[in-house]
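Turn these sequences into a full structure, and let the hints steer you where they fit.
Protein chains: 2
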Amino acid sequence: MDKHVLGIDVGGTTVKCGLFDTSGELLKKWEIPTDISDGGKNILPDIAASARTEIADTSLLAGNTSILAGNTSILAGNTSLLAGVGIGVPGPVLRESYVPRCVNLGWGSVDVAGVLSDLMDGVPVKAANDANLAALGEMWKGGGRGFRSMMLITLGTGVGGGIVLDGKILPGLHGTGGEIGHITVNPAETLQCTCGRYGCLEQYASATGLVRTAKRMLAGQHEPTVLSSCSEISAKRIVDAARDKDPVAEKALDEMCDYLAMALGTMASTLDPEAFVIGGGVSRAGQILIDGIKKHFPKYHFVGEGLPEFYLAQLGNDAGIYGAAKLIFG
Amino acid sequence: MDKHVLGIDVGGTTVKCGLFDTSGELLKKWEIPTDISDGGKNILPDIAASARTEIADTSLLAGNTSILAGNTSILAGNTSLLAGVGIGVPGPVLRESYVPRCVNLGWGSVDVAGVLSDLMDGVPVKAANDANLAALGEMWKGGGRGFRSMMLITLGTGVGGGIVLDGKILPGLHGTGGEIGHITVNPAETLQCTCGRYGCLEQYASATGLVRTAKRMLAGQHEPTVLSSCSEISAKRIVDAARDKDPVAEKALDEMCDYLAMALGTMASTLDPEAFVIGGGVSRAGQILIDGIKKHFPKYHFVGEGLPEFYLAQLGNDAGIYGAAKLIFG
Numbered sequence: 001m002d003k004h005v006l007g008i009d010v011g012g013t014t015v016k017c018g019l020f021d022t023s024g025e026l027l028k029k030w031e032i033p034t035d036i037s038d039g040g041k042n043i044l045p046d047i048a049a050s051a052r053t054e055i056a057d058t059s060l061l062a063g064n065t066s067i068l069a070g071n072t073s074i075l076a077g078n079t080s081l082l083a084g085v086g087i088g089v090p091g092p093v094l095r096e097s098y099v100p101r102c103v104n105l106g107w108g109s110v111d112v113a114g115v116l117s118d119l120m121d122g123v124p125v126k127a128a129n130d131a132n133l134a135a136l137g138e139m140w141k142g143g144g145r146g147f148r149s150m151m152l153i154t155l156g157t158g159v160g161g162g163i164v165l166d167g168k169i170l171p172g173l174h175g176t177g178g179e180i181g182h183i184t185v186n187p188a189e190t191l192q193c194t195c196g197r198y199g200c201l202e203q204y205a206s207a208t209g210l211v212r213t214a215k216r217m218l219a220g221q222h223e224p225t226v227l228s229s230c231s232e233i234s235a236k237r238i239v240d241a242a243r244d245k246d247p248v249a250e251k252a253l254d255e256m257c258d259y260l261a262m263a264l265g266t267m268a269s270t271l272d273p274e275a276f277v278i279g280g281g282v283s284r285a286g287q288i289l290i291d292g293i294k295k296h297f298p299k300y301h302f303v304g305e306g307l308p309e310f311y312l313a314q315l316g317n318d319a320g321i322y323g324a325a326k327l328i329f330g
Numbered sequence: 331m332d333k334h335v336l337g338i339d340v341g342g343t344t345v346k347c348g349l350f351d352t353s354g355e356l357l358k359k360w361e362i363p364t365d366i367s368d369g370g371k372n373i374l375p376d377i378a379a380s381a382r383t384e385i386a387d388t389s390l391l392a393g394n395t396s397i398l399a400g401n402t403s404i405l406a407g408n409t410s411l412l413a414g415v416g417i418g419v420p421g422p423v424l425r426e427s428y429v430p431r432c433v434n435l436g437w438g439s440v441d442v443a444g445v446l447s448d449l450m451d452g453v454p455v456k457a458a459n460d461a462n463l464a465a466l467g468e469m470w471k472g473g474g475r476g477f478r479s480m481m482l483i484t485l486g487t488g489v490g491g492g493i494v495l496d497g498k499i500l501p502g503l504h505g506t507g508g509e510i511g512h513i514t515v516n517p518a519e520t521l522q523c524t525c526g527r528y529g530c531l532e533q534y535a536s537a538t539g540l541v542r543t544a545k546r547m548l549a550g551q552h553e554p555t556v557l558s559s560c561s562e563i564s565a566k567r568i569v570d571a572a573r574d575k576d577p578v579a580e581k582a583l584d585e586m587c588d589y590l591a592m593a594l595g596t597m598a599s600t601l602d603p604e605a606f607v608i609g610g611g612v613s614r615a616g617q618i619l620i621d622g623i624k625k626h627f628p629k630y631h632f633v634g635e636g637l638p639e640f641y642l643a644q645l646g647n648d649a650g651i652y653g654a655a656k657l658i659f660g
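Which chain is which? The protein sequence lines are P and R, in order.
By our numbering, the letter at position 154 of the first sequence is numbered 154, and the numbering carries on one by one without gaps.
By our numbering, the letter at position 154 of the second sequence is numbered 484, and the numbering carries on one by one without gaps.
I should point out that these hints are in silico values taken from the structure, not numbers from a laboratory.
Quick reminder that beta carbons are idealized off the backbone N, C-alpha and C, glycines included.
It cannot be assumed that every hint is accurate.
As the list claims (entries may be wrong) - Listed below are the simulated DSSO-like cross-link pairs for lysine-lysine, each with C-alpha atoms no more than 27 Å apart in a straight line:
no., chain 1, residue 1, chain 2, residue 2
1, P, Lys41, P, Lys29
2, R, Lys575, R, Lys625
3, P, Lys245, P, Lys295
4, P, Lys245, P, Lys215
5, P, Lys299, R, Lys629
6, R, Lys624, P, Lys168
As the list claims (entries may be wrong) - Over the 12 Å line for every Cβ pair with chain R, so calculated as not near, a few chain P residues:
no., residue
7, Gly11
8, Asp35
9, Ser234
10, Asp272
11, Lys295
What the hints assert, rightly or not - Cβ-to-Cβ under 8 Å is the rule here; a few derived chain R residues that face chain P:
no., residue
12, Leu495
13, Gly497
14, Ile513
15, Glu604
16, Gly636
This is how it looks when you write it as structure tokens:
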């Protein structure tokens, strides 16, 4: 491939874009706001217009002027800049193109790849779910580098995930492969999850879940803890306190790691992947999180021939644009 | 493919063999004992000798005599009978050939495909885990017919499983993909599983588990039940009694279905497959088992775009030879 690739990650508030060169290096990245008005009808046109503007930026093309030679479109055609565009969407995507519905963007059914390709002079476009693309991105250039089969688990406000097997995304029939936020890890839970059910992984392993666990522990104990003097307890506050050996914070984080280990033990038995990569805001906790998961993992995994490896994600919010580009690089 | 295919399923006590014609029809099947003496060193030679004998059987070749014409080997070569041999092994198999260890057969590390091919005049051989091949077989000719992505769960003395995604087995890094018998479904369990851990699916969803559950329920209740008069309670007895509306048997089966639904809910969130196929001895319970799983499934699955389908396995003990043949048919 001697052309560039555009990787796009559509979120509910911003669209992240990255232009990659032939070798997979990120040359330039930028963001535009996500306009969800009018059923999100401006999102794809805005992306196309922004791509056109940014790519035409002469400073980017310095030393690359030949890519425009003899070319009526800077986007498509034999002598064009772009080999293709990968785009991630925060919802299910079927057949690398079709979004049946995307609540976060206000979309009903949209042929994302078809529409965006039309808007970009016919350049090839492939679409996928954003969490799956983040997994692909982390495998390509992040915490999962060097592996072919891995799972990314993102711990943020919610819990998400994406699976890559033998270098390819596992999309699933309905485009929801790897979405383990709402698998049941505690059938005895009596508190309802936001999804309406009980005992979902997200209730324990998200930032929100960690705070809830810490508050529950605070209510029922009398050990001195810095958390009792916090005006507002956040996941970051708990992790920081756990690092300082605060007993309640340590216990709350340990419970989160225990549930995560249970979920990942199940994933390991099911997928038998090479590695798990932990991302999302909560993963900024760092090694203390990996150590906690590894401590509990053997309780939940039938270790036959070997253990999977555990890594922290490395690409942060850029994982999606890397994965989107990798869809095109193949 | 204008040649025949041999499908072999090596079990701990017998080796099942099936000869399939070009169209995938099973022409003939036979069994030989599994000789696990001397570290199982006779198993592959016995298979090769048996294949030679059975294939040379003239009644089989009636009307097919041309396949022998000009052929020094009836197994391999351009004018040979066999396009290939698929073989299932009760343990992990890597790269469609290599078995690092197979306790049930007494094997240490064996290049199954290489050795068997050498013993069979160089005919191509592919190997895979037996549970994974059973899943492939059920997809090809059994309960999963018409699907490309499905999971087989086998409920027997233990609980096993195999995953087929987009028509291909998910083997996993260590050859243990789909082995969900020991995923944790009840973290509060205090009784130890045979694997040494607590709350594994197998403790509730195997034949053994169902009997244990019924006995536990019998100990603590006073409702009239036919089970209390059984000299020995078996899974079959419980299922039969549940069909006759015996309250304790119904409750025991319901609990098994509840745990199964939880495990399959997790599998559905992870893999998002088209269908689940339930096999193994316990699946002879039939529709009552499928209905029970379906009843509890919504508690454990975040139904976004749709539900997977649930079917009973259809090939019984032949699933393995069908799957082994399908490895070659591709």
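Broken hints, by number: 6, 10 and 13
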